[in-house]
Amino acid sequence: MSNEISNDISNETTNRSRPLPPALRPSWTMRETVTLAIIGVVFAFLYLGWVQVWLVVQSMTGPLAMDVLMGFWFSGSIFAAWLIRKPFVAFSTAMLTVFVQILAGNPSGAILLLTGLVQGAGSEVPFALTRWKHYSYPVLMASGACTSVFSFVYTYFRFSYWELAGGLVLTMLIIRVVSGVILGGVLGRVLAGAVHRTGVTSGLAVDYQTRNSE
Amino acid sequence: MMRHSVFENYELDSPLATINPAVKLICSVVVMLFVSVVFDLQTLSLITGFGALLLLGLGRVQPLLIARALFPFVLFGLGFLWMNALLPRSAGTVLFTLGPVALSAEGLRNGVSFFLRALTFGVWSVLFVASTEPTRFVLSLVHQLSVPPRIAYSALAAYRYLPSLQIELDQIRGAHRLRGVGEAGGVRGKLQRVYRYTVPLLAGALRRAGRVAAAMEARGFSGTNRTWYRKESLQLRDAAYALCVFSVTASIVWWGMYSGTLMLWSGRLWE
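Residue numbers (the working numbering), protein chains in the order written: chain L, -10 to 203; chain X, 14 to 284.
Just chain L, same shape as in the assembly (with noise of 0.2 Å):
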């Protein structure tokens, strides 16, 4: 009884003095603001080559190339909110990717930013609704899938499509929220997982969690 009771204790005293990792405070470490610098940077160069893609398969295919693959111009946000797991990842890649694409010299220029407030705010607001603490697949998805709405949105009055057929549109946003899921949530959180598996991410928030619930 009285050992129990001591337990308990000593458990509670350890609960509170053991500060929390460094990964799971709620502020900034360098190694985090480094990483997400980083990861702006090499994904900023992924969807550049990607705009070649999609230059491509549009010149062959049509306009409806741009809803199909438009999902991987997502996937940094969701690769970057997995492994950091802080409120404004997501948001904050977009824009960091965004802004290293302007310098970098796509043509589309400061509407980009536009573009990257758009679904930088569509990727963060499903990991707002769970207050930053799941990163499961299908709040990837969710995430992946809240961006293409919040796209369509955007280009909807940008590309003025309400000149278009009802169906059309209709159809260009289910292709283009599936990509979302897909390209988007499911491809960024492959890559994360492969690349959390070749052991340089110990340290992040992901390492910690993943490690605590095994």
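Source of the hints: derived by calculation from the structure; they are not laboratory data. Model, not experiment: these values are computed from the prediction. A portion of the hints provided could be inaccurate.
To be verified - Partial chain L-side listing against chain X, Cβ under 8 Å, derived:
{"no.": "1", "residue": "V23"}
{"no.": "2", "residue": "L92"}
{"no.": "3", "residue": "P96"}
{"no.": "4", "residue": "G192"}
Cβ coordinates follow ideal geometry from the N, Cα and C atoms, glycine included.
Since the structure of chain L is provided, determine the placement of chain X on it from the hints.
Frame of chain L, contents of chain X only:
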């Protein structure tokens, strides 16, 4: 004789290298943001030409190096050029048809404008990159723009990572070839190859981020109450540079307006 890349060019002396990096960056970014809403070929090519003149005159960058640095921008712009020329958002006057392909005048003009824009961004990016010492860049971010040191040093790490991206990719490709990983053809093989390159590229980037962060933290780079051995300051020549950039750009725009060629964004991309 010239082996260095545009990222190493800052080691050479030039008047442009003495300008405060934050001022230089802001000038370049403002010009780029403005260029985003310009669509006519005259204004675009004049602003590109102005940037190139600064690069040659103040930056003393060798023409061959400029050409090499601009090569990726040119390739990227060409992609936009032929896509817009072949697939305009709205049908216009058809210049000529070649089999199923119809080349429209509007599409071609939009395409050329996108191509030129990519080149403009290239020139104004190279203007900053080719003449800026990375350490001075961080210092001026902290001292002039009061960016928190932790963020500024993270930006430095990312900026320094840029030139090594290509090297990393070559290494990964070499390593795969050494181990006899076949380069299968077809779309499927291509996708597999992209995946096989992407994962080590990202893993290498994250490993690098971890090491850099540990090294910087160990040296107290993330601290708030730090002192500085070198301090960046604003000088008269920085103001002169900004004034020169903005007044020449403004005159180019004014001339475009005067001669009636200026075309600004009308609220829609791809008309």
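- Message: Output the indices of the hints that this structure fails to meet, ascending.
- Response: none
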